[in-house]
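Sequence order for the protein chains is L and H. Per this note's numbering, the first sequence starts with residue 1, numbered consecutively. Per this note's numbering, the second sequence starts with residue 1, numbered consecutively.
By construction, these hints were calculated from the structure, which means they are not laboratory data. None of these values were measured; they are calculated from a predicted model. The beta carbon of each residue, even a glycine, is placed where N, CA and C say it ideally should be. Each hint should be verified, as a subset may be incorrect.
Stated by the list, open to error - Calculated lysine to aspartate or glutamate pairs in the DMTMM-like style (CA-CA distance at most 20 angstroms, straight line):
1. Lys26(L) - Glu180(L)
2. Lys76(L) - Asp179(H)
3. Lys75(L) - Asp228(H)
4. Lys52(L) - Asp228(H)
5. Lys210(L) - Glu5(L)
To be verified - Computed footprint of chain H on chain L; a stretch qualifies when at least three of its residues, placed anywhere within it, have a C-beta under 8 angstroms from a C-beta of chain H:
6. 108 to 116
7. 176 to 190
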Amino acid sequence: MIEVEGVERRYDGVAVLSEVTLSLPKGGLTAIIGPNGAGKSTLLSVMGRLQKPDAGRVTLEGMHLAQAPGRAVAKKLAMLRQDNHTAARLTVRDLVAFGRYPHCRGNPGPEDQAQIDRALAILGLEPLADRFLDQLSGGQRQRAHIAMVLAQDTGCILLDEPLNNLDISHAVRIITLVREAAQALGKTVVVVLHDINMAAAHCDRIVVMKGGRILRHGTPAELMQADFLSAVYETPISVHELAGRLVAVY
Amino acid sequence: MPEPHSPRPSSQQPGPAARLLFPLALGLTLAMGLASLFVGVSSVSPTLLWAEGGTGPATEVFLTSRLPRTLALALAGTGLALAGLVLQVLVRNRFVEPSTVGTTESASLGILLVMLLAPGLPVPGRMAVAAGFGLAGTGLFLLVLRAVPQRSALMVPLIGLLLSGVIGAVTTFIAYRTDMLQSLGAWSTGDFSVVLQGRYELLWIVAGLTLVSALFADQITVAGLGRDMAIGLGVNHRAVRALGLVLVALLSAAVIVTVGIVPFLGLVVPNVVSLLMGDNLRRTLPVVCLTGAALVMACDIVGRLVVRPYEMPIGLTMGIVGSAAFLWLLTRRRGHVA
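Pulled out of the complex, with its shape left as it was, chain L reads as follows (with noise of 0.2 angstroms):
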């Protein structure tokens, strides 16, 4: 369960955030979406701690996050950045390894051995588990860093536009397996996505921001609403039955 109570965002005197409160139960795949500019990454940096807030807090499970030690967040929650320019020369397994980080303090054991491999395996980096980062194309590179936040095993995963850089194959493989992460371990995973259709095809939830506001929060039935989406996104879209799913046009 996380809970954003009316934070508050500037830079330079510009708000970024604007009285955002926003409550997640456990469990569940959760889609923020919106234009460009609309403060999608800003949450999701306040949210994992990587930004505070300038008024107002965010909890995880009754935690304040802006003050409880960083250790003890580490094991419950995880945060993948948009942008990884790691100019560390690491092997896929190291960076994958330092997952295990906040567990064992590098001293991984059996348990911790098990998650590396399980995510390298999850991932398909198995062929690639000796190869240094700056030897990957960026989409490996990207798989690399999930399963660093999959081998970090927490209940709570924010990810930043985790399907950047991916092909169709492996962006439909990491969606899908976030999902089941979320359904059947119980994880709270929270995506900032760019394609809406992605959202409503497989997110239990969608939160739509603009101008550093949420705007609706809502399933994606509730959500997909040709005039709704239109106005958001200033941009003619009509929402379709396709396949037995919603599929925006646009």
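Fit chain H to the supplied structure of chain L, relying on the hints for placement.
This is chain H only, laid out in the frame that chain L set:
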């Protein structure tokens, strides 16, 4: 699954070759250490020492000069390579080392001021002042770095070199006005020929600092992944960075105060090791330290042999080896410097 696009050939994979690096570095260090003990103007050999049975001229030379010199070389090499490694990981730039970010020059300024204002200060006090100045210099560098919008990896060492130049100029100016230029030049040029028993022991602090770095190896590696990743993994980024900078300042100061400035080492050794086995400090730190020790000993031995019975200062040999290696690295690493 098939991976059609891999930007680099698979020969770069850290395979068995990377695992051989530690024993290789260890063997090299031991060999250089032995050579350093028995190479020099007066003849000292294991058989001679054995024949003297504990007292005699060869034993005397061995204990008061050769052994201290070899230990000093190993410790200084370890310290400088380690300082370069920690700095490169924390600044997240391949081309920095204490002498390219202002640490060394600031420490020198500190030592000059001590010689002028408190000439009686014992060596540990002198080192503390040098470390304090070195830390301030590094901090100034980081402040300038934050203020200058730079997206090129080569801008970072350029800024550092400019800053070093300015601080070095201040030092030279003060030394010039106070008639200290000659003595400034004398002690700041790295030289191990003056190392005798009783004049290098402060360098043992390097061993302690190496241990501390090893204990924090994982945290330093995580901090090197960047602030956001470090926070995500529950590592106190700011604290680890501060600790790392203090380590760098102390390591640099210990070496400068006892043997002077040895350029390039902190740049070359961590870069070569990083190319061969990556940046996971838990694995690379011992290899970096050993390679640093071996390289300094090798350069010193060369300096002792080339112009026998005289000696070339190590700064000269190291400068030649180091600048050649640096040029090679520049061309080699251009693809992934950032």
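Which hints, by number, does the structure contradict? 2, 6 and 7
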